[in-house]
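**Student:** Listed below are the residues making up each chain.
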Amino acid sequence: MNSSVSIKDLSLNFGAVSVLEHLDLEIRDGEFLVLLGSSGCGKSTLLNCIAGLLDISDGQIFIKGKNVTWEEPKDRGIGMVFQSYALYPQMTVEKNLSFGLKVAKLPQAEIDKRVARAAEILQIQPLLKRKPSELSGGQRQRVAIGRALVRDVDVFLFDEPLSNLDAKLRSELRVEIKRLHQSLKNTMIYVTHDQIEALTLADRIAVMKSGVIQQLADPMTIYNFPENRFVAGFIGSPSMNFFSGEIVDRDDHKFVRVNGVDFGLDAYPARSPLETGRKVVLGVRPEHVKVDEALAGGEFHDAVVDIEEPMGADNLLWLKLAGQTMSVRIAGNRRYAPGKPVKLSFDMSMASVFDAVTENRI
Amino acid sequence: MSDIAINKPVAMAGPRGKRPRPLFSPRNIMIYGTLFVAAAYYLLPLYVMVVTSLKGMPEIRLGNIFSPPMEITFEPWVKAWATACTGLNCDGLSRGFWNSVRITIPSVVVSIAIASVNGYALANWRFKGSELFFSILVVGAFIPYQVMIYPIVIVLREMGIYGTLTGLIIVHTIFGMPILTLLFRNYFASLPEELFKAARIDGAGFWAIYFQIMLPMALPIFVVAMILQVTGIWNDFLFGVVFTRPEYYPMTVQLNNIVNSVQGVKEYNVNMAATILTGAVPLIVYFVSGRLFVRGIAAGAVKG
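Heads up: the sequence lines are chains H and D, in that order.
Going by the numbering used here, the letters in the first sequence line up with residues 1 to 362, in that order.
Going by the numbering used here, the letters in the second sequence line up with residues 363 to 666, in that order.
If you're looking for bench data, these hints aren't it; they were derived computationally from the structure.
The structure displayed is predicted, hence computed values, not measured ones.
For every residue, glycine included, the Cβ atom is placed at its ideal position computed from N, Cα and C.
There's no promise every hint is true.
What the hints assert, rightly or not - One side of the interface only, derived from the structure: several residues of chain D facing chain H at Cβ under 7 Å:
{"hint": "1", "residue": "Lys490"}
{"hint": "2", "residue": "Glu556"}
{"hint": "3", "residue": "Leu557"}
{"hint": "4", "residue": "Lys559"}
{"hint": "5", "residue": "Asp564"}
{"hint": "6", "residue": "Gly565"}
Isolated chain H, as found in the complex (with noise of 0.2 Å):
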């Protein structure tokens, strides 16, 4: 697999406050990767950074295997969606989409022809002599969309390209990017808080917290197999659970015990020894507890409902047990009154445990 971008040991500090540190990521040729995180950890600038737009402090950026550390941002082969749109007000759509051609002095008919193929895929044709104002959220952000096409690039830089366009536009634009990536193949780097745009966009997902990435990896297995204990609660909706306990041994088998309830460890694949006494945190999906439901070689729990929140195709159902709320998702048929007590079974096996001190997947 050829690198398409590689950024190697970057740092960025604006005066004595450090944003990015050492940071090191490799994205290969035709990748669709997202840079999933909250607000203020760090994203959108390493995204700036490699549009160069942000002039870093240190480290090399490298795209399709060129040193592009000192170069303007036009010359770097990158096209770069706003959240804004920044689409330029007094000009039509067409001067919108050529502006940057004519910039480059390219010939006439050349810039014709490429704004006709970039309305063409993105069906703004009927718009181009439109200004700005007159469009829709979402026609906006496709004519900006359009003008990062244009440029014939390598690489497509997203900046929450779909955070201010209404739930359901949100959801359409989301599908026709995924297609647009599948048709194009170029390389795509997508800033975003939202993790349903990660979970369903991203060939790989790179989680950020104060500028560091937590986790770099394929949308399922951030999912099911987090690094640490904030990717695990960062993902997935409504969160992970997570139940603080120590590890102890009983009869030859590992559990997990939170206030004297004990979870067995036996189907846990674990990458390190789990020593008995240490302090660890479990967490499980929502979805990976059974209500009243064996699971093979599972054990029970007995809980007691506290809210149902019937959401349609599932529900969710928030029970005590060993003293803490938990959610449950369950088929949106089965239905269960509060106070009524039940029995769980966790699947162990899609389970994760964290040292409580490090906080990183045992």
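Based on the hints, put chain D in the right spot on chain H.
**Tutor:** For chain D alone, coordinates are given in the frame of chain H:
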């Protein structure tokens, strides 16, 4: 039970729909009364000036300053414009008018051109020390002019342009810089930063972004700057009298010389006409572009 919902709801007694607001409520009387008094306060002097300027001297001596002219005459206007004497010259305000035009137009154009580029650079192209530079400029807006007059006289003399129109234009341009730069910087800073980033990715440089992206979006603030500068420079008296020779005196200085001349009879009608003529230019500017002015000030100020 369900057929109640199907039936049309019956109108109930009691208040319904728009709340009535009587025309002569105490609230309205207060508001419009205050507005009327304020308007009269400002319009009455203007009225007196206009009617006096249209009267002959015999009629003025009767002393009824509020009465409309019995016999309308435009002679005072002609005299004020063409033949009123200031010192040795007897060619009226017309000389001062053209001097003022020759001072105002270049000063306004040059100061706005420089300040808009300054503001754009300070807002978008942050360089090392740009914040410090901006702070110094803003402080400049608060230094009283009088402090700088003598040093500037010396500088202009050393440059050999003391007393010329060029010298005065340079002075006006420099003194307009702090407030205009502040105005433009805040306006450009209020535009979305992503627009600027998008233009950079499109490959546009400093001037291409300025002329093709920023300038077309900055019309309101240009109007504000123009109005500020035209009225400020046109109404300027101090710099005009200090930095120019009598033959280049702007209209305001000449007006003062006409009105305050001590020889002969005080010709009130001519003085009034001369004053209105001098004030006409800023007045016209306000009337023509007042609406844009308010909009531009709001745009620049709110999102500073």
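**Student:** Name the hints, by number, that the structure is in violation of.
**Tutor:** Number 1 - this is the single hint that the structure violates.
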